[in-house]
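Using numbering that gives the first Met the number 0, you'd call the opening residue of the sequence shown number 0 and step up by one each time.
Misleading hints may appear alongside valid ones.
[As the list claims (entries may be wrong)] Pairwise CB distance ranges (calculated):
| id | residue 1 | residue 2 | range |
| --- | --- | --- | --- |
| 1 | Asn95 | Tyr15 | 15 to 25 Å |
| 2 | Ala104 | Asp24 | 32 to 42 Å |
| 3 | Thr55 | Ala104 | 33 to 43 Å |
| 4 | Thr49 | Asn95 | 41 to 51 Å |
| 5 | Asp85 | Val50 | 21 to 31 Å |
| 6 | Ile10 | Thr54 | 36 to 46 Å |
| 7 | Thr56 | Arg9 | 42 to 52 Å |
| 8 | Gln100 | Asp61 | 19 to 29 Å |
| 9 | Thr53 | Ile32 | 38 to 48 Å |
| 10 | Thr56 | Ala25 | 16 to 26 Å |
| 11 | Ala67 | Arg28 | 12 to 22 Å |
| 12 | Asn95 | Thr53 | 23 to 33 Å |
| 13 | Asp86 | Ser21 | 17 to 27 Å |
Derived by calculation from the structure, the hints in this document are not laboratory data. It should be emphasised that the depicted structure is a prediction, and the values quoted were computed from it without experimental measurement. The beta carbon of each residue, even a glycine, is placed where N, CA and C say it ideally should be.
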Amino acid sequence: MLNECRLALRITTEAYDGELCSLMDAGARDLTIAGVRLPGTVSFTLVSTTVGQTTTTYYRDDSTLTDALCMRAIFTYVRTHFGSPDDYERLKESYNVQKVQLMHATGYTDYGEDPEPEPDPEPEPEGGEGE
């Protein structure tokens, strides 16, 4: 997922991976708070390896999320909050629309079936009182 996010944002360096991972996690949590059930996980592990005196640190992508709609919404969230985009308001609106669509789409929430409608009240007898 990290590679796909870099690609979506047209980023070719790993220098921003920490921020991207944090923003992807925040986007996934925001969708979850809104009631969207993600069909997979968004998870990253910071890994450090030392060879001799050289330590290399990188983020291992442990994510299992592959749903294109959820990933696109998360990437839009990341793009909205990454740096200071000139089109922040447009990106924010785009993310909110995607989130609302997921919130109302079949199979993306745990809300279950709609409750049974309330029965109509008994109709008043015709003619009224005192007849």
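For each hint, the structure was consulted:
1. A beta carbon spacing of about 24 Å between Asn95 and Tyr15 agrees with the range 15 to 25 Å that was offered as a hint.
2. Checked against the hint of 32 to 42 Å, the pair Ala104 and Asp24 fails, with Cβ atoms roughly 22 Å apart.
3. Distance hint check: the CB atoms of Thr55 and Ala104 are about 41 Å apart, consistent with the given range 33 to 43 Å.
4. Distance hint check: the CB atoms of Thr49 and Asn95 are about 44 Å apart, consistent with the given range 41 to 51 Å.
5. For Asp85 paired with Val50, a C-beta distance near 42 Å fails the hint of 21 to 31 Å.
6. At roughly 23 Å, the beta carbons of Ile10 and Thr54 sit outside the given window of 36 to 46 Å.
7. For the pair Thr56 and Arg9, the supplied restraint of 42 to 52 Å is violated, since their beta-carbon distance comes to about 24 Å.
8. Taking the beta carbon of each, Gln100 and Asp61 are about 27 Å apart, inside 19 to 29 Å as hinted.
9. Taken as a hint, the range 38 to 48 Å holds for the pair Thr53 and Ile32, whose Cβ atoms sit roughly 41 Å apart.
10. One distance hint, 16 to 26 Å for the beta-carbon pair Thr56 and Ala25, holds here, with the actual separation near 21 Å.
11. A C-beta distance of roughly 19 Å is found between Ala67 and Arg28, which places it inside the suggested range of 12 to 22 Å.
12. Under the hint 23 to 33 Å, the C-beta atoms of Asn95 and Thr53, about 44 Å apart, miss the expected range.
13. For Asp86 and Ser21, the Cβ-Cβ distance of about 21 Å falls inside the hinted range of 17 to 27 Å, so the restraint holds.
Hints 2, 5, 6, 7 and 12, counting from the list given before, are not met by this structure.
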